[in-house]
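*Asks:* As a plain string of letters, each chain reads:
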Amino acid sequence: MSGARGVVAIAEAVRRGETTAEAETTAALDRLEGAGRAFNAVAALTPEAALEQARAVDRARASGQPLGPLAGVPMAHKDLVYRAGRACDCGSRIRAGFVPEVTSTALARLDAAGAVDLGTLHMAEFAMSPTGFNAHHGHGRNPWNPAHVCGGSSSGSGIAVGARAVPAALGTDTGGSIRHPAAACGVTGLKPTHGAVSLAGVMPLSATLDTVGPLALSARDAARIMDVIAGEDRADPTTAWAPPMAHEATLTGTLGGLTLARPRGYYDGDVDAAVEGALEEARATLAGLGAQIVETRAPDMAAPNAFAHLVIAVEAATLHRRWLEERPEDYADQVRARIEAGLAYPATRYAEALMRRGTVAAEWIDAVLGPADAAILPAFPVPVPTIAATTEGGPEAVAAIIGTLTRNTRAINYLGLPAVVFPVGASRDGLPIACQIVGRPWAEPLLLRIADAFQRVTAFHAAAPEVAPA
Amino acid sequence: MTERLPDPPPDDSPATARARARHGALISATMAAIDALPPLPPDAPLRSFEVLKAMRSREEGGR
Numbered sequence: 047m048s049g050a051r052g053v054v055a056i057a058e059a060v061r062r063g064e065t066t067a068e069a070e071t072t073a074a075l076d077r078l079e080g081a082g083r084a085f086n087a088v089a090a091l092t093p094e095a096a097l098e099q100a101r102a103v104d105r106a107r108a109s110g111q112p113l114g115p116l117a118g119v120p121m122a123h124k125d126l127v128y129r130a131g132r133a134c135d136c137g138s139r140i141r142a143g144f145v146p147e148v149t150s151t152a153l154a155r156l157d158a159a160g161a162v163d164l165g166t167l168h169m170a171e172f173a174m175s176p177t178g179f180n181a182h183h184g185h186g187r188n189p190w191n192p193a194h195v196c197g198g199s200s201s202g203s204g205i206a207v208g209a210r211a212v213p214a215a216l217g218t219d220t221g222g223s224i225r226h227p228a229a230a231c232g233v234t235g236l237k238p239t240h241g242a243v244s245l246a247g248v249m250p251l252s253a254t255l256d257t258v259g260p261l262a263l264s265a266r267d268a269a270r271i272m273d274v275i276a277g278e279d280r281a282d283p284t285t286a287w288a289p290p291m292a293h294e295a296t297l298t299g300t301l302g303g304l305t306l307a308r309p310r311g312y313y314d315g316d317v318d319a320a321v322e323g324a325l326e327e328a329r330a331t332l333a334g335l336g337a338q339i340v341e342t343r344a345p346d347m348a349a350p351n352a353f354a355h356l357v358i359a360v361e362a363a364t365l366h367r368r369w370l371e372e373r374p375e376d377y378a379d380q381v382r383a384r385i386e387a388g389l390a391y392p393a394t395r396y397a398e399a400l401m402r403r404g405t406v407a408a409e410w411i412d413a414v415l416g417p418a419d420a421a422i423l424p425a426f427p428v429p430v431p432t433i434a435a436t437t438e439g440g441p442e443a444v445a446a447i448i449g450t451l452t453r454n455t456r457a458i459n460y461l462g463l464p465a466v467v468f469p470v471g472a473s474r475d476g477l478p479i480a481c482q483i484v485g486r487p488w489a490e491p492l493l494l495r496i497a498d499a500f501q502r503v504t505a506f507h508a509a510a511p512e513v514a515p516a
Numbered sequence: 469m470t471e472r473l474p475d476p477p478p479d480d481s482p483a484t485a486r487a488r489a490r491h492g493a494l495i496s497a498t499m500a501a502i503d504a505l506p507p508l509p510p511d512a513p514l515r516s517f518e519v520l521k522a523m524r525s526r527e528e529g530g531r
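Read top to bottom, the protein sequences are chains R and L. Read in order, the letters of the first sequence are residues 47 to 516 in this note's numbering. Read in order, the letters of the second sequence are residues 469 to 531 in this note's numbering.
It should be emphasised that the hints constitute simulated quantities derived from the structure, not laboratory data. If a hint is listed, it holds; no wrong ones were tucked in.
To give a feel for the contact side, a few chain R residues facing chain L, derived at Cβ under 7 Å:
{"id": "1", "residue": "Leu356"}
{"id": "2", "residue": "Ala387"}
{"id": "3", "residue": "Leu389"}
Far from chain L, some chain R residues (derived; all Cβ distances over 10 Å):
{"id": "4", "residue": "Gly131"}
{"id": "5", "residue": "Thr149"}
{"id": "6", "residue": "Ala246"}
{"id": "7", "residue": "Arg310"}
{"id": "8", "residue": "Leu365"}
{"id": "9", "residue": "Ile448"}
Idealized CB from N, CA, C, for every residue including glycine.
This is chain R alone, in the form it adopts within the complex (with noise of 0.2 Å):
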């Protein structure tokens, strides 16, 4: 048993009897108590009801039952994604020991495909951090260097994924939640379309720009949960538009009649010379499996960059105004301030960013991918940087710092587009290089086959850190 197996490996191994959703179950616990917890991946675990329910998929194939196609999968969670009875910090103080009374729609998808829920997975304090850090919980710890950042805000997500503790987790993506975490870890991040993946039984933090979506070794277990989680839920009316997709079918590993674009200008800024040698060859190797590269520009972003701000900014000062008010002392400083800004922007200009919002996008789309299918981005600019370098020095220096690695995924989500993050290289001291690429509204089926495509000719996804099992 291979504790670096993916979604797609394990569920198929159980399917053939190869092994049990008990014995996958009690590894990926181990795991998660081992390296899980010295790389502060772990919120809780709730090993009794996992082995419940793998017990249960395995006495399912004992008795010839049909296995869904994430059977025996041990899976974990970001700590804001609701299971009904079991209790969802949300990565804070303010709602320590809060008990939800509903389970998340994406949790019961995934239990009735069979998954393995181990428990939850820090996280940084509600959804509000890039790098991972959490004043009431401790920072996360890069699985490939505990000195550097291991992204955020879905932190745990992507330690216990780029440990291979998990195949793969559940994290949310608000202003690049999940991509941060997927780059900084060296995993597959898969950011949906707004209203692909329904919101219903997760902690808000910006109702219009959250999503939820996958963190996983490779496209195809991104693809494969994605087939199990996404699509229109009643409980969720932003789902209404979500087309019927089909995202593990459309893997073909091939990539001709397609045409990516490279934007110009805004996405060249603050990039390191080790990041754009990675995305050089990555671009290489696309062309070579069949897409065509083409130039573009990208339209001055101040403004969707604001709009996304000021968007996250008032939705969740709307949901925390009590908490503000009554237990101020309770929110880690940078939280807070990030926070409360929003009260102080006029009713005005919050409707103007959402009234905005489709003009915006559609300009992003004709400037940046214009002919093209979709648009390379880097990921981060710059190297996976250290704790200290996101928390020492003045404020102005980690704004500064925070402001770069957010500087490519923020306004994304205020565009509502589909993204995808998986690595293409390695920094001088060894932490993943990530690129991003994005593409229009419902194109995350194109985007899981161009990185399945990648995947398929190139090793940086099956690059493991030591700390994971052999």
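Mind docking chain L on chain R? Use the hints.
*Replies:* Positioned in the frame of chain R, the structure of chain L alone reads:
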């Protein structure tokens, strides 16, 4: 329709006043970035993002 009107004042709760005092520079920078855009037309639809998603759903996405 070429000039923006002043914004209405936000509420005057203590938390809002505190937010204005602490984050004035950030708020000003954000407003300035938006001010650089031309004013909204009076018939701008609030749900235009949903319309965009619907328009682009089947013919352009998911190839």
